[in-house]
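J.: Sequence:
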Amino acid sequence: PAYTTKFPTEPFEPQEAFRGRPRFDAGRCMGCGACAQVCPSKCIEVQDDVQAKPPVRRLVQHFDACIMCGQCERYCPAGEGIRMTTEWDNAGFAPQDFEECIEHELLLCEVCGEVLAPAAQLDWLAGRLGPLQFANPTLALYRGRKLGYVEPGITSLSADILRADRMAMQCPRCRRQSAWAA
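Numbering (this note's numbering), first residue to last: 4 to 185.
If you're looking for bench data, these hints aren't it; they were derived computationally from the structure.
All of these numbers come straight from a predicted model, not from anything done at the bench.
For every residue, glycine included, the Cβ atom is placed at its ideal position computed from N, Cα and C.
Worth double-checking, as some hints may not be accurate.
To be verified - Heads up, simulated EDC-like pairs for lysine to aspartate or glutamate below, C-alpha to C-alpha not over 20 Å straight-line: (1) K45 <-> E16; (2) K9 <-> D92; (3) K45 <-> E117; (4) K45 <-> E103; (5) K149 <-> D92; (6) K56 <-> E102; (7) K56 <-> E117; (8) K45 <-> E102.
Said to hold, decoys possible - Computed Cβ-Cβ distance ranges for the label pairs, DEER-style: (9) R77 <-> G147: 20 to 26 Å; (10) P43 <-> P140: 35 to 41 Å; (11) Q18 <-> G147: 24 to 30 Å; (12) Y152 <-> P11: 27 to 33 Å; (13) E48 <-> D28: 28 to 34 Å; (14) V153 <-> A97: 16 to 22 Å.
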């Protein structure tokens, strides 16, 4: 039957399955940017600031462009990094009222200086892999630094990638080039 709410005189509570405003969970989001890649309205923006100390990745959600489709939640590799809420009354007067931002520390390739991954993503990956994480030199070096038994490498940023660069945190392109260096 027809139903009329008494909002705004009485608070309105939507059903549990209602898809309202998506919200980042700072403790579970790893900053991978998968939500931005699958968003059909492109309301989630990935901003990498490599000049900051330490480098950061910002995920900025522009809610005024969101169509509340739920793709960000569905394809989040962490499972709960971004969740659909039942928030439906999202009025605002300024563009800042419709933005939500979350920041993560970025790791850079120690050879070329390109973006490697957010630190939280490497932590998540290492947790999923368990002991197999030590088969990947970048993960092994990253985890060793967190434990305090590996010192940070010096970024070479040279045109020639040397064999010695194998013991550095590297992007896949530099790792491939250093593997073939003579």
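J.: Compare the structure with each hint and give your call.
T.: Right, here's what the structure says about each hint:
Of the pairs offered as hints, the one joining K45 and E16 is violated, with about 28 Å between alpha carbons and a cut-off of 20 Å exceeded. Annotation: proposed proximity of K9 to D92 holds, straight-line Cα distance about 14 Å (limit 20 Å). Using a Cα cut-off of 20 Å, the hinted pair K45 and E117 is violated, with the two alpha carbons roughly 24 Å apart. For the suggested pair K45 and E103, the alpha carbons sit about 14 Å apart, so the restraint of at most 20 Å is met.
A distance of roughly 43 Å separates the Cα atoms of K149 and D92; the hinted pair therefore is violated under the 20 Å criterion. Simply put, K56 and E102 have alpha-carbon atoms about 24 Å apart, too far for the 20 Å limit, and the pair is violated. Pair hint K56 plus E117 holds up; C-alpha atoms about 15 Å apart against a cutoff of 20 Å. With a C-alpha separation of about 13 Å, the suggested pairing of K45 with E102 holds against the 20 Å cut-off.
Between R77 and G147 the C-beta distance comes to about 35 Å, which lies outside the given range of 20 to 26 Å. Between P43 and P140 the beta carbon distance is about 37 Å. The supplied range of 35 to 41 Å therefore holds. Distance hint check: the CB atoms of Q18 and G147 are about 49 Å apart, inconsistent with the given range 24 to 30 Å. For Y152 paired with P11, a C-beta distance near 60 Å fails the hint of 27 to 33 Å.
Evaluation of the 28 to 34 Å hint for E48 and D28 yields a failure: the beta carbon distance comes to about 18 Å. V153 and A97 have their C-beta atoms about 46 Å apart, which leaves the hinted 16 to 22 Å range violated.
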